[in-house]
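Here is how the chains run, residue by residue.
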Amino acid sequence: MPDRVTEPSDPRPLAAGVSAGASAGASAAPAVEFNDVQIAYGKFIAVHNFSLSIEKGSFVTLLGPSGCGKTTLLRAVAGLVGISSGQIAIGGRRIDDVPIYKRNIGLVFQNYALFPHKTVFDNVAFGLKYHNVPKADIAPRVARALEMVRLAGSERKLPSQLSGGQQQRIALARAIVFEPEVLLLDEPLSALDANMREEMRVEIKKIQKQTGITAIFVTHDQEEALSMSDRIVVMSAGKAEQIGSPTDVYDRPATTFVADFLGKANLLAATVKDRDAGGVSVTLSTGQTVRVATDRQVAAGDKVSVVVRPQKLAVGSELPNRLSGRVLSTSYLGSRIIYEIDLGQGSIIRANVAVVTEPVREGETIEVGFDPADCVLL
Amino acid sequence: MATRPADIRPTRGWRLYDPRLAWLLLAPATLLIVCFLILPILVMAVYTFFTFITAGVEQSTPTLANWHEFLTDPYYHGFLFKTLRVGVVTSLICGVVGYFPAYFIWSTEFKHKWLLLLLLIVPFWISFTIRTFSWIHILGEEGLINVALLRLGLIDQPLQMLYTEGAVIMGMVHFLLPYMILNVYVSLENIDRTLISAARSMGCTNAQAFREVTLPLSLPGLAAGLLLCFVLAAGSYVTPQILGSGRDALFGNLIYDTIMGQLNWPMGATLSIVLFLVLGSVAALYTRYMGMSQIVKGLGG
Ligand SMILES: Nc1ncnc2c1ncn2[C@@H]1O[C@H](COP(=O)(O)OP(=O)(O)O)[C@@H](O)[C@H]1O
Ligand SMILES: [Mg+2]
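Here the protein sequences line up with chains H and B, keeping their order.
If you're matching positions, the first sequence starts at 1 in my numbering and goes up one per residue.
If you're matching positions, the second sequence starts at 1 in my numbering and goes up one per residue.
No lab work stands behind these hints, which were simulated from the structure alone.
Remember, predicted model here, so these are calculated numbers, not experimental data.
Where is the CB? At the ideal position from N, CA and C, for every residue including glycine.
Incorrect hints may have been included.
[Unchecked claim] One side only, chain H facing chain B, incomplete, derived with CB under 8 Å:
#1 Leu-107
#2 His-117
#3 Phe-126
#4 Gly-278
#5 Gly-279
Here chain B stands alone, though its shape is the one from the complex (with noise of 0.2 Å):
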């Protein structure tokens, strides 16, 4: 440290705030992410090099067949297309859903908060997919909808509402909106009352405080949701696979498809890396406009 008050002495041979006690608290964090985050995408991206033999064999002769591949068929397009617009779609369903309760939570006079915001917790506590699998028993023919339908005879025949692209939106929905109204929540509670006091007493009535002070301060909450809820969504394989058809795959199932599938690993990796870069420059983006703490913010909750 450059400016080091002069009552600090060396003991031992360390000072206090040394810099190298930051990084030896540091490097199990930092091999943690270099280990299990870095080098696997390193080998990932060597592997979009590879040559693809036959199912599971390949050989590392370079080449950029898969690349080639990627770049020129219409297949892979489609399907980033689609999952680029499931992820929009259900981000800014997240968010127009979303907004609502947040702002209820925030301005309630209700005392005990905390409750609202534990319940937006709650169903973290069940398992993912157990919460993806009963939609099923919602949506599906057999499910609650179409029975009750069915009973009271305003159907005949049940509706295709399961393995549907609705299905998996509505699946996603389901799982992101906690993130999407935390998200929302924090950056409404980092805004000073005092200035909607100020607004009202310039004139405006709430409405018209809403719009000009309370929203415009909380929107770098609610990009932040979205950009999560997009990330998310984009990149969500558990849900398609549970709730979409063949037709409903998404990038992720491609992947998956490709590996496990094919055995096909070059081309596997390539579709990795693809998505990751895609994924990745969306969140750049917002981070270049908006700032990345916002994220960090509303996961903290």
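Chain H on its own, in the form it takes in the complex (with noise of 0.2 Å):
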């Protein structure tokens, strides 16, 4: 597929025990992999411990808060940054000594880093002429790539005249048209206004699926992840904290952070009172019971933590686990209303809840349930 293989200077296999696949041929190895790497910066540890294995073809998100370590990974794909222990690997080679101009790699930044002094044109076949594609072929491959990002005929234009939107296509052009192993973004679409993120989403996604290209994505937006990706790794601080779809970092997050930071989830401190077949009854520090449904092995007495969306919990007294307080505070969204409820010893939940009957006031008692299959134990 690509037009000049990196050159297999060195095509040292992973550590074996790795992944399964890497005996079987390259084919089956996976296109990106990390191996407990490890990513300083002088004194400070950047990035920790991080191993991940990527299909080929998958679109996989970095996603966490700012500082996180997210651009540092990528950094370290594409070779800007050097690691400190640990392997990369690309499609079944290790890269550490590759330089970065002979990983076959596509990147495309937060600010297009269009070179503002070349035309489209020579910027989207920047790539092309240092891959050596042949130059009666570059014309036809920017043609094409441009067309695929919808700004066929810009091509005499300097990215200055473009709008944003138009600049990070013309950036992900330049990325994709000389066919990299691996196309690694790095929140593309937080420089855009919301209704262009919206679209760029959509094509972006719709891009990487027709090109088959596998995808590294960056950014610090839950619902971007949420919606693009076939695989979440969930970071804070340097470490993945969760690897997953994106209904099993959304519907069971492993950590408390994730559930706090994946749509923020309510978090209720709480004792494991006893266990059965079904699940486990906790007491909450409110001094509630609550039944959770869980296969967790826990013994009465430990501490732990209940996690229930705002999405989850409903007005009324049919559901099995009910809370109690009062109503701090209300916004209204039409077809659902938001409560902020004080369940009593500094404990405030958020209830997200379908409009049915006269809305709660503020200051009024409130009673919430959930299901105990809606929640997760931590």
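Using the hints, build the complex out of the two chains.
What follows is the structure, encoded as structure tokens:
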């Protein structure tokens, strides 16, 4: 597929046992593999013991708050920062000592990073020129890439003559035109306005599917991550908190950080009371007892957290797990309403419920409930 | 202002962002420029049409004699060409020699970059004249280089280095280099470093990324530096006076000599206006193609 495969100067396979497919030939090797990667800036360790295996053609998102090391990881794949220990492999080949210009990687930056002194054509042709593509092939391939991002005919323009969204599409065309093995996107949507972001999200996903390129996407926006990814790596302070499909990380958060970062779930401190076949009964710090459906092994007296999403709470007393408290504030959204409820003992939860009856007013008592299957025990 | 927000009401006849206020604030600077720059130049321009009688005496009878003399006498043309040549050579040397330190300061990982920039400004703390005089002790017959070479027995006659065109150019490079470095540095500093990362990720080596991205994007700064050095060198008077011989005098010295030596004010005024027009049109050409703002940025450090 690539015009010039990264020179197999040192085609050492990655250490055995890391990937089941490693011995079965190059086609089965993961597109990108991180093995126990640590990255330091001087004394500061930006990424700790990061391991991840990315399948060919998949769309993986690194999701986490600003400063958690997402960019650092991307830059390590691209070769813009060195790693202090561990290995990174692309297509089964270790790239630790492959210089950046010999790695076959497409990069898209948050600020577009188009060359301001070059026309759109020269920007897009740039990678082709340095991948030794024959001169005659350059123009048709640039045209095809521009067509793919729906900007055919803009060859003669300068980047400054294009809108932000158009510039980012050119940047995307520039990154995929030389058919790199991996496409790295560092918050490519965050400089765009809300409407444009929505549109670009769909477009990036479409182009990724069409080309079948392996993509690593970095964002701090959970909506982007959930809507675009095959797999999400939720990161915090240089560590991977959870790796899983969008539904995995959203419905079954592995840590309180993940639960909080994705969708601001309610976290209720609790103590395990007893467990039986169906799940666990826990006593909340506010004294109420709730049941949680879980197969987690816990013993009576363990300190745990119950994670309930605001959307999983409903007003009324039909549901088995009931919490009552005083309404601190309400935000009416038309079909739904968000209550901020004080359960006492400094425990405040949010409930995002459908509007069916007259809304409860601030200061009044409210009773909300949730199903034992709709929560997670951590 | 045509689009004044409704909530900004007139207070005692004045508005916020009142154009009258803008003029008031501009007035001192405008007055200064008009009285001490534009008017004197106009007076000079008028003087070029006065008639020279004898040293120190002229008449206001209008004449084209001065312009005729300048345009026909190759003596003046020689001076003009030489001045332009020295200016071009000086600014080219500054460009070539100055780019590297600017690139170094920009690319270094050294934590205290400000210190390196401060070092560039330090020479300005010493009077320009004294800095120029110091070359006499280095290049002169009894100067550092000659004495050293004589003692080492490499030469038996002191080399003639002082009072040559080379010495003049050297002195001006010495004086102008910080301007060049600052100009180039500022334009390098304006380059978005992710552009270089982008180029590298698309298959450029470091050297190729420099040629494709860094160099072209720093050219405006280099051009601004070249213009600044050229204008300052071609308009210089002190350096050739101190480090040059009579033969190495530049246009500035010619003007000085015409006015102070021969007391020929009309001719001196004509030569001044010529230099003003020549350097002004070079600057105008530059502005036409590169934009003046780059120089202002460079001077601002
Ligand atoms: N060049 C650098 N030198 C030192 N520290 C850095 C450098 N780049 C990033 N960091 C630090 O590494 C951490 C991770 O940065 P980054 O990968 O940019 O985070 P993210 O992209 O997730 O916002 C941050 O704490 C940041 O301050
Ligand atoms: Mg980042």
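At a threshold of 8 Å, is the proposed contact between Gly-278 of chain H and chain B supported by beta-carbon distances? violated (54 Å)
Holds or violated: His-117 of chain H as interface residue toward chain B, Cβ cutoff 8 Å? With Cβ-Cβ at 5 Å, under 8 Å, it holds.
Restraint outcome when Gly-279 of chain H is required to lie within 8 Å of chain B by C-beta distance: With a closest approach of 50 Å, the Gly-279 of chain H hint is violated.
Status of the hint placing Leu-107 of chain H at chain B (closest C-beta pair under 8 Å): holds (4 Å)
Interface hint compliance - Phe-126 of chain H to chain B, C-beta minimum distance less than 8 Å: holds (5 Å)
In the structure shown, a violation is registered for the earlier hints numbered 4, 5, in ascending order.
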